[in-house]
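Engineer: Protein chains in written order, with the numbering used here: chain A, 1 to 184; chain B, 1 to 312.
Bear in mind the hints are in silico, worked out from the structure with no lab data behind them. What you are looking at is a predicted structure, and each value in this text was computed from that prediction instead of being measured. Careful, some of the hints might be misleading.
Below, a list of computed lysine-lysine pairs in the BS3-like style, where the Cα atoms sit at most 27 Å apart [stated by the list, open to error]: (1) 180(B) <-> 38(B); (2) 286(B) <-> 255(B); (3) 6(B) <-> 199(B); (4) 98(A) <-> 6(A); (5) 152(A) <-> 16(A); (6) 98(A) <-> 255(B); (7) 89(A) <-> 4(A); (8) 255(B) <-> 180(B); (9) 14(A) <-> 89(A); (10) 89(A) <-> 86(B); (11) 14(A) <-> 98(A); (12) 89(A) <-> 180(B); (13) 89(A) <-> 151(B); (14) 148(B) <-> 89(A); (15) 255(B) <-> 199(B); (16) 252(B) <-> 158(B); (17) 98(A) <-> 4(A); (18) 252(B) <-> 89(A); (19) 286(B) <-> 180(B); (20) 39(B) <-> 89(A); (21) 89(A) <-> 68(B); (22) 98(A) <-> 281(B); (23) 91(B) <-> 39(B); (24) 151(B) <-> 6(B); (25) 199(B) <-> 39(B); (26) 231(B) <-> 148(B); (27) 199(B) <-> 89(A); (28) 38(B) <-> 199(B); (29) 98(A) <-> 16(A); (30) 38(B) <-> 249(B).
Listed below are the residues making up each chain.
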Amino acid sequence: MQEKIKARIMDSRKIKRAVHRMTTEIIERNRNLKNLVIVGIRTRGIYLGKRISKLIRELEKVDIPVGVLDITLYRDDFSEIEAQHMVRKTEINFPVSKKDVLLVDDVLFTGRTIRAAMDSLIDLGRPRTIQLLVLIDRGHRELPIRADYVGKFLPTSRRELVQVRLKEIDNCDEVLIAEPPGLK
Amino acid sequence: MAFRHKHLLGIQHLTPSEIRAILDTAESFFDISTREVKKVPTLRGKTIINLFFEPSTRTRSSFELAAKRLSADIVNFNRLASSVVKGESLKDTVLNIEAMNPDAIIVRHQCAGTPYFISTFCQSHIINAGDGAHEHPTQALLDAFTIKREKNNIEGLKIVIVGDILHSRVARSNIFLLRKLGANIVLTGPPSLLPIEFKNFGVQIDYNLERSIEEADVVMMLRIQSERQEKNYFPSIREYRNLYSLTEKRFKQAKKSAIIMHPGPINRGVELSSEMAESAKSVILKQVENGIAVRMAVLYILLGGKEGETTD
């Protein structure tokens, strides 16, 4: 059974504006842009990260490398998930030690993914700072984690699903709220 | 995830997609061993027992490192320092170890079928690390992983396996695995160590080494397993060397891009000359390195998920 779409929160223009605004905030806050590296969390964080890197190149003429982080091995719910997740590769081909690392993900929810991502990053080196960017902050944190750059705050109920779709893999740019199947 | 077994007892009963799932997973684990912090927290709190009734350098330490790099706790059981020498039976030994609540037991034993036997009365995941002349699944998986990394693909390759096929669990596991992934296999060795029945596995048999090596992509050398031979299978080591040792001249028959493999331990100057073992074509030490990634993948796949959803 398919989940029921309840509302379309963002379209491609709104996503573009949010990414643009956050990129400007990043440039404002990181005076030494050359020390910045971007790490996208699989899967949609990678594409958001690449968009931001491209924008920074256009605006400031600085090349910011983008790495890919797979957090499967650092999850804290191993004994709870149904079947094993396929582990995929972490591809960070630059040192993170002493860098300002911008972690990028699509949705910030419980904060557990970000906890795992930070543990994983710290095993790769000792970044000078870690900053967090998310397109959607939907609340319901279970850990003391907050984002430095937020595309949109979106109050949701716990059982709702927030779906971010990006052109690079979903053929369109949009953010949807959906209801899981089997609920009235 | 395509893998749905509780134990890893052999390659024979795995499907090609299950084999691919392990090899793909190993690819993701490879990098961890090259990082400064060679450890991920994935199997924190799990206990694994290395139950080795036979000597081993590579397999045992490889499993031990794989478990440690996944943050599992691992205990080594050494036959000679155990109550086995006081006459304790295999079943009692295993039941006592099982009573300590491990999550997985890695078994090596000189009798074929021991890991299967243990799996019939144990709750833990059982991993076969070599049983008699039956199977050595993780060796075959790491060999396939090495071939895949060197050649990109396994399907359609010509792979020659040379030597003591009769006593080799490595050869059996490799034949099952490489056939399932579509390689063409040629077996060669003295007729006394290469029973004709192997034809039933869908492989070619040729008793002439020079001829079988022609145009090969991979040449896999095996050790003469004198510890498993109660009688003489060939007149002398010198004759064996004259007919079946891999020399530079013989290796020239293979493709230019061909690689040399050996599961170890090597008997230098018998199946492999020292120069060949250390030549640029040899991937013997890469096999050892890859073994850790493959064993991490196996431990992750068996121990990582939720209990009670497997088929065996």
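Engineer: Compare the structure with the hints numbered earlier in the document and write down the numbers of the violated ones, lowest to highest.
Structural biologist: 1, 3, 4, 6, 7, 9, 10, 11, 17, 18, 22, 23, 24, 25, 26, 27, 28, 29 and 30
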